[in-house]
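Chemist: Using the supplied hints, reconstruct the complex from the two chains, each of which is provided in its own coordinate frame.
Line by line, the protein sequences give chains A and B. Going by the working numbering, the first sequence runs without a break in its numbering and finishes at 272. Going by the working numbering, the second sequence runs without a break in its numbering and finishes at 193.
Hints are supplied without guarantee of correctness; some may be wrong.
Stated by the list, open to error - Pairs of lysine-lysine, DSSO-like flavour, derived with a Cα cap of 27 Å:
hint: 1; chain 1: A; residue 1: Lys187; chain 2: A; residue 2: Lys142
hint: 2; chain 1: A; residue 1: Lys115; chain 2: A; residue 2: Lys19
hint: 3; chain 1: B; residue 1: Lys92; chain 2: A; residue 2: Lys197
hint: 4; chain 1: A; residue 1: Lys76; chain 2: A; residue 2: Lys251
hint: 5; chain 1: B; residue 1: Lys110; chain 2: A; residue 2: Lys71
hint: 6; chain 1: B; residue 1: Lys110; chain 2: A; residue 2: Lys73
hint: 7; chain 1: A; residue 1: Lys136; chain 2: A; residue 2: Lys187
hint: 8; chain 1: B; residue 1: Lys110; chain 2: A; residue 2: Lys197
hint: 9; chain 1: A; residue 1: Lys165; chain 2: A; residue 2: Lys136
hint: 10; chain 1: A; residue 1: Lys136; chain 2: A; residue 2: Lys76
hint: 11; chain 1: A; residue 1: Lys136; chain 2: A; residue 2: Lys54
hint: 12; chain 1: A; residue 1: Lys185; chain 2: A; residue 2: Lys115
hint: 13; chain 1: A; residue 1: Lys112; chain 2: A; residue 2: Lys142
hint: 14; chain 1: A; residue 1: Lys76; chain 2: A; residue 2: Lys187
hint: 15; chain 1: B; residue 1: Lys110; chain 2: A; residue 2: Lys165
To be verified - Over the 10 Å line for every Cβ pair with chain A, so calculated as not near, a few chain B residues:
hint: 16; residue: Thr74
hint: 17; residue: Phe82
hint: 18; residue: Arg103
hint: 19; residue: Leu104
hint: 20; residue: Asn138
hint: 21; residue: Val143
hint: 22; residue: Tyr147
hint: 23; residue: Ser149
hint: 24; residue: Trp155
hint: 25; residue: Leu180
Calculated directly from the structure, the hints in this document are not laboratory data. Every residue gets a Cβ at the ideal spot worked out from N, C-alpha and C, and that includes glycine.
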Amino acid sequence: MALFGDLNIVNTTDKRKLKNVIETAAHLGYSTVAINHVVNLQEKKQEIGKPTCVAELFTSPPTVQGKSKPIKIITRLTVVVSEASHCNELRTTSPRTRLYDLVAVHPKTEKLFHTACMTLDVDIIEIIMTEKQQFHFKRPPVNVAIDRGIVFELVYSPAIKDSTMRRYTISNSLSLMNIGKGKNIIISSGAEKPLELRGPYDIANLGLLFGLSEGDAKAAISTNCRKALLHGETRKTAQGVVHTMKKTEVPEDKEEAPASKRARTDDP
Amino acid sequence: MTDYIFYIFLDMAVEYFAGTIPDCIHSMRRHDTKKPETASYERLVFRNASDYHYMKISLIFEGGNIRLNAAHFKQLIISSLRELYGEIGAALPFDVLKFEENTLSAVLRVYSSALVRLWSALTLLGCYQGQPCGIRVVQVTPFLLALSGNSRELKLD
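Bound-form chain B, shown alone (with noise of 0.2 Å):
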């Protein structure tokens, strides 16, 4: 969804830095329309510099005891693609990196271009087995470090 932009400056803070100042200054005293010589940069644009976004989501079943492992809960994932998308939905490539059964809570990842349709088939999942449930996205984001630390759950002393 972002783009990162970087600027490269090139010459200009070399030129600047090397005393020509009084020169511009000069030439702007008796020539008020002369232009000063303008910098040269160079701009690289990187569109989405992750390939992967990573998602941190938990599931939450209404009643009590639901015991999954982590292959059924990749399979109610694919289910609930292709509820919504259909078998083209449930091709879609995205890895359980970390699933946790106590929690019911999972690192996901998947493709940045990808990342619509899988967000949009984790909100809409309503049943598994005919027990209603629900999944809580906690945190989505292309950069890995960033679910070692959310602010939401700060706790400032």
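With the rest of the complex left out, here is chain A (with noise of 0.2 Å):
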């Protein structure tokens, strides 16, 4: 079985914070964080930076409850699109994207989600969940963007938090329930304070509410999860298949020929 994976702790300045909700995850059982930069484009003076330094954030990171091994922190990025000049960060040549391990884009209009389940280079769509959804999905996009791998996210955390959220965030997914049949969802956090995490097996839970089957809501929380990371790391690569890594120089050695190139002395 694929390990639990919560892949959306929003980042804040405040270290101590992050540290403690990481920590508390850790403790709930999820071996796999990543570490959200939320990006709006659309307020002024907003660029995407670079992405935390992990190793900064914890010297030694906490183990994962019932593991041996300590909890895998990745970084993540999510722009929030409502205009179409937005979009352009997001293609594949964008230098500033390759900096962080998964992509996520948040569309706020029908035609941005269309393109973004088409054509943008994203790893994850993340659905609105704090107002009501202003378009219906379409079964088109939706199909293409499953068979490019790309997965769909719903966030709990504002459901916790209020209870008119709570209708939104279960409105929205039962509609992305109808088009999709529950294929490529992952449910994360979207925590802020440590209080509004929950264990995996809630989660899973939580996905029969949505309107899962059993499979798949455990799914949700385990398979999918690995599997979007995974897109991450073929991003980076051509096809999945051809890597580049950096080498270091080796001092060239002038005293041997290649082989091709030594004269034959030895009869056949």
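Modeler: Next up, the structure:
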């Protein structure tokens, strides 16, 4: 079985708070955690900066409860797009998104949702939970996104904070479920405080509430998270086969000529 | 969630050990297509052997000193059920079997058909009397005996 993952922990400038949240996540049993940097391009002077250095955060990451390995912390970028010009950053050749392990997009209009499913180079599409969905999901772009390996993300911390948000969360999830049949869905916390996190089996139960089947609900916190992670890794490669690495310079040895150029001395 | 399937083998064991084995092999040598006598067994399926599910939970507050007694605790859970499922949810029959005031941990019992509703209401509990709080579900089991040991907190020396 794939390990549990929570791919949305909101990045704050307060390091101690972030450390608390990650320690709580490790205590609850999550093996992988992604620190989410949210960039809203609509506000002025917002640029995609560099991700926080994970090694600085913890000298020794906390151990996951029930396993002997430490928790794996990765970085993630979420771009909130409300106009087509914002999508320029999310093309494959963009230099800034290469620094992050996972790239997510949060589309606000139907056209942008369509673009995100078809062409944008992202791993995760975040679904609006804090307001009523302005548009209905259509089957063709959702199917194309599933074929490309993009996962849809449902965030549950607004449901914990406020009862109106709870209604929007459940209604938006149910409409996504009707179109997408429950494939490629992940559920994550979007937590800012340790109190907003819930254990993995609790979230699997919430998945039942959102309209998923039992197997899909468990996959939403384990298998599909792993799927998104692998998709993020292969984004930096060519078709997932070729991968470039920086090689350290080897001092050249002038004495030995390459084997093909050496004179043949031994007789056949 | 789990099905418990019991297979009961009648007659087959008796036939096998009563000395009919040489006959089977003999018949198999001569006619390969002849089937040996099929064993008869009876299959009993128990869907969910237990009527109740038991949950061990613990209530966590952000601030320090909140004092609750068992009645307040049950009221808290009923109000959370009402927020999520309305009056029908609030009428869900469940029992608080044990409640400890110092650690704010409790053992609940609920009918198995109502487990998903109660569990989701506990998960989505956000605040109590203005104070942010949360519920950590430690164990869920259909058998009360399982609550006596928690393998996650096992310390092997």
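Chemist: Okay, which hints does this one fail, numbers in order?
Modeler: 2, 5, 6, 10, 11, 24
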